[in-house]
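Novice: If you want the building blocks of each chain, they are given just below.
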Amino acid sequence: MSVARTETVRGGGHGSAARAVAAGAPAGVVGGLAFGAAMAQLGVLPTVATLVGLGSSRAGFAVHMAISAVVGAGFGLMVRRQRCGPSETVFLGAAYGALWWCIGPLTLLPLALGQAPAWDVAAAQREFPGLLGHLVFGMGTALVFVVLHGPGDPGRVRRPVGVGTLVRGLLAGLLAALALRAVLHGRAPAVVPAIAVGLAQAALSPRSDQGIGAALVRGQGYGFVAWVVGELTVLPLLADAGLRWSLPEARASFPDLPGWLLLGALAAAIGTVLGRLAPLLSSEHLRAYSGAAAGSGVLAAALRGAVAGLLGGAVISQLMLRGAVPEVAERLTGSNGPLAGIAVNLAIGVAIGVSYGLLFRRLGQDVTCALGWGLSYGFLWWVLGPLTLLPALLGGDPEWSAAAAGGAMSALAGHLVYGGCLGVVFHLLEAPFGVPWLARTRAEALRALRRREELLAATPALSAVLLAMLLTVQVVTIGA
Amino acid sequence: MQHLGDPVDGRPSRRERTDRRSEGGVGNIDANLGTRATRTGRQAGREGQATGDLPLPPPSAGALASGVIDGMLLGVLIWAILVLTLLPALKVSVAALFPTLLACLCAGGVVGPGVQAALRAGRHRRPPLPAAVGPGRRRVVILGGGFGGVSAARRFEQLLPWTPWLDVTLVSQRNHLLFTPMLAEVAAGSVEAGNVGVPLRAACPRTRFRRAEVLGVDPDRRVVHLRRGDALETLPYDHLVLALGAVPNFRDLPGVAANALTLATLEDARRLRDHVLGRLEQADQEPDPAERRRWLTFVVAGGGFAGTEAVASLFDLVHSVLRYFPRVRAGEPRFLLVHSRERILPELGDRLAGHASGKLVARGIELRLGVTVAGADADGVRLSDGEWVAARTLVWAAGTRPSPVSLVTGPQGSVRQAVPGGGAVPVDRTLRVRGTGDIWAVGDCARVPDLSRRGTTCPPTAQHAVRQGRAVADNVIAAMTGAAPEPFRFRGLGFLVPLGRQSAAAELRGLRFSGLPAWLLWRGVYLWKLPGHQKRLRVLLDWTVELLFPRDISLTTSERHPASQDVE
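These protein sequence lines map, in sequence, to chains A and B. -9 is the number of the first residue of the first sequence in our numbering; add one for each residue after it. 1095 is the number of the first residue of the second sequence in our numbering; add one for each residue after it.
These are computed hints drawn from the structure, not numbers from a lab. Do not take every clue at face value.
[To be verified] The calculated SDA-like cross-link candidates involving lysine to any residue, where the alpha carbons are at most 25 Å apart (straight line), are: (1) B/Lys1623 - B/Ser1478; (2) B/Lys1623 - B/Thr1359; (3) B/Lys1623 - B/Asp1636; (4) B/Lys1185 - A/Ala394; (5) B/Lys1623 - A/Asp110; (6) B/Lys1185 - A/Ala304; (7) B/Lys1185 - A/Val111; (8) B/Lys1623 - A/Val288; (9) B/Lys1623 - B/Arg1248; (10) B/Lys1185 - A/Ala393; (11) B/Lys1185 - A/Ser307; (12) B/Lys1185 - B/Ile1175; (13) B/Lys1623 - B/Arg1364; (14) B/Lys1185 - A/Ala290; (15) B/Lys1185 - A/Trp109; (16) B/Lys1623 - A/Ala394.
Just so you know, these numbers come straight off a predicted model, no measurement behind them.
Build out the structure end to end from the sequences listed, making use of the hints.
Specialist: Following this line, the structure appears as structure tokens:
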């Protein structure tokens, strides 16, 4: 018996521009309403009204809603042919909102006011509430667009989200919260919000057959959304404390962000594992279960990951020799010689590479997909590594403050470069043995092509939230 | 279940031929799904529902969002590289590079769709492999699912990314690769039977598999004649690899074929184990001393590797379960190893073979050297020196012959033997059958010249068959692509032979040793060589259980008691 039901979409005309605009514009209006309410609370509507030569809040709200409708329609046009699920569409919305923050307040608004584009950090930090507002707008628009237009494949029947799926999400959130609180104690999010994150993941991403790697990236995105929407927006409003969208408030809340990211990733991973256990316990699931056994291809994936990680570590070591990547080896081994640093980087690179191989095997359908996975995984390891594990290994607490994160920006860049190398090299090693070009029957080729199409559509969407996270982290932490 | 487009007997289905005509060539799923979606949608939908799949939607004309996102991600990577290179060089803060981040994101977003389109343009020009063999596809058929055949198939699979035009089919009566080095362990009850059989479909997932009996080969028409149940089929080929192995050779000795047990298949190993345990059951209840001796006398013919392993394994089996048969005394079971030469294990050196003989004798196994089995019946075995051994168990390990291969012009046509008398197929140095251009042979069914020892042929061992399989795959592809096939060269690595519990003899490139180290090496090497992690884990578990618990004496096959009463 289903508890929630998503839209069943059939028939022709799904990808038409008119239908996309017809759904995107009202979606933009709904998103704009939420953003507009926030803008009213922040008192920035008169600034928007100056675009049309007026100065009242009402005029500003009207202009804002008009812009929202147009931008929403644009979102519809951009994603009308994107064959991905609701969660991926929401992440695309977040990236879309972040992109419009760069285009709008930082570029077009200054130009409209006769000024140069405000691309410096100071301007970005002044406009930080606008960044959060655009993220909320983007995600809200995407969510409403999913409801009105329907995501994903035309002609594909959506299975309703069952009770079992929601129970799995609840369990995943609960277990993730308990595990994190056992390790991180008070730094981890509370159990109730964690359960909410698990349920949201289950409702928006009921299918867990893309693998644990994809789940980690998706979960990381959910964690970020939970921090923005929950920690900074909904929870303060419920407590009658107003939005926590100012830069100082965001910096004060920044220590919670890594906990949310880790919670989201862990809950998604646990949910995927629980989903894979279901066929072992239910005969109903066995009929539909056609995935590869967990043990097959593991060794090859681990070896490829090790090689890719070694190359990524070598690249980082090269940059480290130029003094770019600071002091991980020095802090870990107490030695500041280059050889110790290279050895440590390579060892860590290989270990992370092996984990990437095991978690992301068969997910990189082409170079761009692989780049997205690698960058997202690199970002996750920046949170896990320099901010969490490294201080813990040195006997301290995780360094999750905005100032600490701001001081680890070079490490962030290093992890992103490593992750990019890792993803691309692993893909190049794996691609010759990929399924679509070695199918033996038409049915097998069709199945593989379908999976490839789904991953090609979903991967950029899942990786898109990285853009929003990166901008947010940069703006909040620089100068903290 | 017949899938859309699956060939039957190598011929494309009618729908496949129709589709190919409309497509104008080899099937391109991407390019043609749009026009075929409605026509085949219902068919594919039925197929999809039956197989759990859904119809593939028409390919997108280009998703703008993904192109923009991918471009922006590329911009992130470029920004990160700039941070790592410019920061130390210009000695600026990360804040100073924030505009660079925005610039990279914007630039990436603009050029992203174009870059993505260029990267993926080749995708639609590279059709996936269609089901049916069409123009441009070359077909290789491998006959035999033993070491040689599977090794060839796996080598073809390794090369498949560079030879997508290749279509390989493996034909075997068995659906598993039998790991024969551990067969004696199955007969001894140390390892479960299923754990030494590796499914061919799992071992060669990219190879078509046909479970059928090979009746013959017609080299003129380039087809193989198969029997699948009651149906006769033909399988066309462009190149054929013979890897049919060997079968026991009873040499027409009277009564031997009817009364001897062999150790060539899993069924043989199960049957032998149950036979031995059944003899213990009989002996435990037999009051007549003469009859008891017959039940408890076990004769193994052949003192090569197979025979020595068999007698040692059976000895271990019997003595490890004697505790369950209180009326059978420890000295009563009798084991005889009959060998035609003056020493067993002729492949080993004198010293090592002597050590092995001493080990067997010390355990209580009798050696009858310089004699052969002359005949057998239900009550005993006659040796060539006239001795009559009263025994109800004869295990034949005294020789094999290559599996007969016949070349026929048709089911009713005249038969032309590849080799008069049906011996091994002679091949040249590149493993190609002499007198043919497209037939190759490896393993026990082939007579392969040993280039490391002039004038001799390669011994029929698994290590040679595996390497011949790999070499023949390379040579077949070379022949197909116009390159020159390479001669096969391999010098054997050595020999390992178990001599029963915690003992073995080993000779590796001149290094000889025995005892527990050799036994550990034997187990380690063959565990590693066993295909598949799952099987290795299972065999390892079997060996571990054997250390901790007694062997199982359950009879898994039913055997009628010669007396009227049933065994309770």
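Novice: Does each hint fit the structure? Answer for all of them.
Specialist: Here is how each hint holds up against the structure:
no.	hint	result
1	B/Lys1623 - B/Ser1478	39 Å, violated
2	B/Lys1623 - B/Thr1359	18 Å, holds
3	B/Lys1623 - B/Asp1636	16 Å, holds
4	B/Lys1185 - A/Ala394	20 Å, holds
5	B/Lys1623 - A/Asp110	63 Å, violated
6	B/Lys1185 - A/Ala304	23 Å, holds
7	B/Lys1185 - A/Val111	17 Å, holds
8	B/Lys1623 - A/Val288	18 Å, holds
9	B/Lys1623 - B/Arg1248	14 Å, holds
10	B/Lys1185 - A/Ala393	20 Å, holds
11	B/Lys1185 - A/Ser307	19 Å, holds
12	B/Lys1185 - B/Ile1175	15 Å, holds
13	B/Lys1623 - B/Arg1364	22 Å, holds
14	B/Lys1185 - A/Ala290	43 Å, violated
15	B/Lys1185 - A/Trp109	20 Å, holds
16	B/Lys1623 - A/Ala394	52 Å, violated
Violation of the numbered hints given earlier is confined to hints 1, 5, 14 and 16; the remaining hints are satisfied by the structure.
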